[in-house]
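Chains as they are written, first to last, in numbering that gives the first Met the number 0: chain G, 0 to 134; chain E, 0 to 524.
These aren't lab readings, by the way, just hints derived from the structure by calculation. Each residue gets a CB set at the ideal place from its N, CA and C atoms; glycine is no exception. One or more hints might be untrue.
Claimed, not checked - Partial chain E-side listing against chain G, Cβ under 8 Å, derived:
#, residue
1, Thr27
2, Leu28
3, Glu136
4, Ile140
5, Tyr143
6, Gly158
7, Leu159
8, Ala181
9, Met409
10, Thr410
11, Trp413
12, His503
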Amino acid sequence: MEFVVASTIGVLTAGGVYLLLRLRAFSVILGLALLTYAVNIFLFASGRLAVNAPPVLNKYADVAYSDPLPQALVLTAIVISFGMTAVLVMFALGAYLEADHDRIDMTGESEEEGEGDSSSGSDDAAITAQGENRV
Amino acid sequence: MSHWIVAPVVLPALLAPIIAFVMRHDITLARAASFAGTIALAGIAIGLMVMAADGTTHVYRMGDWAAPFGIVLVLDRLSALMLLVTSALALVVLMHATATGWDDRGRHFHALFQFQLMGICGAFLTGDAFNLFVFFEVLLIASYGLMIHGGGRVRLQAGLQYVVMNLAGSTLFLFALGTLYASTGTLNIADLAVKVREMPLEDAALVRVAAILLMVVFAIKAALFPVQFWLPATYANAPAPVAALFAIMTKVGAYAIIRIHAVVFGPDVPVLGGLIGDWLMPAAVVTVAVGAVGVLGARRLMPLLSFSVVGSMGTMMLAVAAFTPQATTAALYYLVHSTFSAAALFLLADLVVSRRPGGDLLRAEPPVVQNGLFAALFFAGAIAMAGMPPLSGFLGKLLILDALRDEPAMTAAWVAILLGSLITIVGFARAGSILFWKATALAQEQAEEKAGEEGEAHAKDAPPPDPARAGPLEVAPTLTALAILGLLAFLAGPVTGFMDKAAHQLFDGSDYIGAVLDPEAEVKK
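Just need the whole structure built from these sequences, with the hints factored in.
As structure tokens, then:
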């Protein structure tokens, strides 16, 4: 089982890092999602792997138990990464609607243009989208 | 057990949803609530400072669970200092954002602002590594919202990069925490310090990996080379008041390195040796160089200021990397200085940039109204940031140079700081003369041209549409930040005395560990 878990973490991380290094926002989001899956399994495994062991101590008998703390950590991490991914998707959507492409690099664009030229129609949509997200 | 310790976290956490839900259509009400909350936070920070000043380490146990099992908040001199700096900066930034109307250019500025304060205060107070992660996420998610406040294409794209960068950093943080938990079985900072010191040398590999991973994570927040590249794009494109508030965010990373790597992975720990300092020092030297060259090469004002922040982080981390009480004292002094000088420059830049037709582009344009006032303020901010007397930057750099005298890396550090300061001065002089000095020459030329031609119709469009003079309320926050710098230089003796005690308390460690892990300690008092 150790081998399966370890190689799963490895493959997920490798895929995540590869996608993270792409230039399009969509692949980057997928890459970050894969990375968070990898880290969740990794956190889960950090309390040692045990099969059929409840995460509670039994004070009447000396039975096997699994460490409950990593499970609590994983729950927190899942909630946070879920929320963060949602925020990221809204950001990417906003940037896509503003710029009409989902490239994640900013080469040479910020040189000529100031911030005052962004009063197009898609502006409102993007801001509304963020506003809803933040509420 | 005093409940005031948890107040800097609870107060903004309660206030922010109320602002978001109840006052979202009434900007005046939101402003009033935000101001009340921030002033109360400053009051609490002063109170906590008084509590911590006598040297006792106060521990707040969440839910009254004993330390290694429950989450604790720990208040010592260092945390109290950071809280005070945060609340003072928050007040200055809030004044600016309200006076210039920045908070009305998008939605939920004040709610996000309070959430950001909650995360920052929590990160400074917590005594648990996983809780530190949670507070990092709180302050980050608020900073994402603040970063794109007001919208705009470039800002959204920069915001996307910022979010991706920090999400990758958070994932790394979790990997580090998992490794740490797997090798020590605890995440309480005081308990970690005990466990890591007892660890046999043959188990050192995992702890070393965890320590370095944590250092990389905090280095991302503190914008150290080679993970500093997110900062210029982010700060340059964030709304200026938000960039000023972000001046404390890099310090959160620096604080985390000081706290975790001095208490848990200190140089006296056998399994690590001087590993952390050996890696941190070269990174800091390169960061100073990157910052200085960036200041010299920047073609716009906001990136220039961002690079000067990078440079000042490098200077500060040079002192942190030494991991001695004396160097940490210097680092803390420079930390406070660098926070307020960066804030002052960003706030001033906002006043200037919003009045120039070309924005923050560094090219000569007709002078803005009150050119002299802005030029004087920029001059004061620039000499503070570059480290010239009489403001606190000079003293801070002097303290750092002095503290690094006996270090093995002394030559590199001295050369980096001195050359970096020189290049920064040249960069700021160039920017200042283009923005404020050449502008006056240009104005004369134009006036002569206009006098030559008749130019009646042109004269109508020539002045910017609304050359609004900066009112006293708009200039006051910048002046306040600069005044704090002056005060910091004037009161350098008492201030460094306090920081010296804070640094010794930090490196002593027994106090911190004893207070957190001994449940009887609080009862006895």
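Problem set entry | Ascending list of hint numbers which this structure does not respect | 1, 2, 9, 10, 11, 12
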